[in-house]
Amino acid sequence: MNDLRRKLLGAAAILLLKPFAALAAAWNKDAFGAKTPQDALTGIGVGSPAPSKDLVIEAPQIAENGAVVPIEISSAIAGTTAIAVIIEKNPFPLAARFDFQNGALPYVKLNVKMNETCDVRAVAIAGARHYTATKEIKVTIGGCGG
Amino acid sequence: MPGPMKMRATLGSGHTDVRVLMTHPMETGQRKDAEGKAVPMHFIQNLTVKVNGRTVVEAQISQAVSRNPVFSFRVRGGAKGDKVEVSWLDNHGESNKTETAVA
Amino acid sequence: MRWPAILVALLLPLSAAAQDAKKEIQRYQRMIGDGSPVELFELQGEALWKKPQGPRQASLEKCDLGAGPGVLKGAYARLPRYFKDTDRVMDLESRLLHCMQTVQGRSAEEALKRVFGNEDRPSEMEYLSAYIAGRSRGVVISPGTRHPKEAQALELGRKLFFHRAGAWDFSCASCHGEEGKRIRMQDLPVLSNPRDARPVVATWPAYRVSNSQFKTMQWRLNDCYRQMRMPEPVFASEATVALNLFLTATGKGETYRGPGTKR
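Protein chains in written order, with the numbering used here: chain R, 207 to 352; chain X, 804 to 906; chain V, 19 to 281.
Just so you know, the hints here were simulated from the structure itself, not pulled from any lab data.
Even for Gly, the Cβ is constructed at its ideal location relative to N, Cα and C.
Any given hint might turn out to be false.
Here are the simulated lysine-lysine pairs, PhoX-like style, with alpha carbons at most 20 Å apart [to be verified]: (1) R:Lys344 x R:Lys295; (2) R:Lys341 x V:Lys177; (3) R:Lys241 x R:Lys295; (4) V:Lys41 x R:Lys344; (5) X:Lys886 x X:Lys840; (6) R:Lys344 x V:Lys102; (7) V:Lys68 x R:Lys341.
Beta-carbon label-pair distances, calculated as ranges [said to hold, decoys possible]: (8) V:Arg132 x X:Val842: 12 to 22 Å; (9) V:Pro87 x R:Asp260: 14 to 24 Å; (10) R:Gly333 x V:Asp205: 13 to 23 Å; (11) V:Arg247 x R:Gly239: 39 to 49 Å; (12) V:Glu128 x R:Ala282: 54 to 64 Å; (13) V:Arg247 x R:Thr248: 33 to 43 Å.
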């Protein structure tokens, strides 16, 4: 099959697929089902992200309870289109992925569950480039047993 | 019937702050009920934020997000009266949404 | 005299670490409070307040919480207090219980059936407490202390606070009566001291992130009794109202911040 035909068929295939994809909201089952941080990264298409000081995690060093740990992430890396949150020692490390477009800033604040003291890892995706930052959060059980 | 949602959208310096609260058990599937049976997984998987009809944030979230989730987002620019809409869809196919005007 | 220097050298890093921990915990508390599910409970509470219920199919909107029927602004901040119509001191929950019966015609049994809820189904008391307390945001806490029955209740509350009993011979003061105490990572407030009572009273009732439940003062007192291994107090009993008054009066003068968010 010649080159042009291949391209046209490819384009037609994409046009056919797009509306269906838009109907069912995408949820990356493989990545969310990954049991290690590395597999979670692979699941979202990230290989070896480079540490970056322009990706900032704002969170308390100590969480009084692991059920609600507040985390604020912002990326000053140019062209950031997505931010993912990975919690190292959770049974399923990938906690969330945010894709930004049409003027949304690469910023998010959310509350996550942490199983135990460990690193919270933020990953910023800026096109083909991937960046990362981590912060250790200590999880405690409070008071008279919660 | 999903529980209430509430959103506040305010103008910051050069951007719009959106904060949305939602009611959802975000069950991990690991919690045991009074009889010792595991409470099945029930959690929000998708969250969409739109401003004036245009999607600005698409989020995929897991059961690791806390019960009764609260999210904050920021959108560049914005003006008073802009319509912000947040909707969610969970793994049971249930959904909810809320709308507010930027104050 | 080398010993004191060594002691200081050993103790300093420990206290610095303790200070850091305290700061980080305060940061945690600030961040969870900033954008909390509390608002959703207030919303639900408002709907419940206006919902016709009971044999009279009446809403609670005619309930008098001390400032007149249906007046909510600042009402919570002035509780507990003496009520002429019942000739006794009442707190928010005892007053709600009273209104459920007198305004809505509900039986005590029915109204008391499920006063403490859970994360899947909060109780009416919890929703209503959130809403009504929220309507006292920014109001100075000033419970009734001058009426003879209020003075009596205050004194009873004070006695109860220090009264040791139960299997472990505990009183409230066992945990909340001495400086510098803590349980795990929680610094224990000395609740008989206005300095510590004020911020506590200014942030209850509260949403508890550890179990995603909204907890009221009646629950808090009930659970303290459980933790002290004492018999379960009767909901809205004279004893619980007296204790509530003692705590609130000790914290009086503080500006009520609205329902809190706690671990």
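These are the hints, each one checked on the structure:
1. Taking the CA atoms of R:Lys344 and R:Lys295, the gap is near 12 Å; set against the 20 Å cutoff, the hint holds.
2. Between the alpha carbons of R:Lys341 and V:Lys177 the distance comes to roughly 48 Å, so the proposed pair goes past 20 Å and is violated.
3. A hinted pair counts as satisfied when its Cα atoms are at most 20 Å apart, and R:Lys241 with R:Lys295 qualifies at roughly 9 Å.
4. A C-alpha spacing of about 14 Å is found between V:Lys41 and R:Lys344, which places the hinted pair at or below 20 Å, so the restraint holds.
5. Among the hinted pairs, X:Lys886 with X:Lys840 is inconsistent with the structure: their alpha-carbon atoms are about 43 Å apart, more than 20 Å.
6. Between R:Lys344 and V:Lys102 the alpha-carbon distance is near 52 Å, which puts this suggested pair outside the 20 Å criterion.
7. For the hint linking V:Lys68 to R:Lys341, the alpha-carbon distance of about 46 Å lies beyond 20 Å, and the restraint is violated.
8. As the Cβ distance of V:Arg132 to X:Val842 is approximately 20 Å, the hint placing it in 12 to 22 Å holds.
9. The hint said 14 to 24 Å for the Cβ distance between V:Pro87 and R:Asp260, and at roughly 59 Å that hint is violated.
10. Range check, R:Gly333 to V:Asp205: Cβ separation about 48 Å, and the 13 to 23 Å hint is violated.
11. Under the hint 39 to 49 Å, the C-beta atoms of V:Arg247 and R:Gly239, about 45 Å apart, fit the expected range.
12. The hinted window of 54 to 64 Å between V:Glu128 and R:Ala282 holds, with their beta carbons roughly 58 Å apart.
13. Taking the beta carbon of each, V:Arg247 and R:Thr248 are about 52 Å apart, not inside 33 to 43 Å as hinted.
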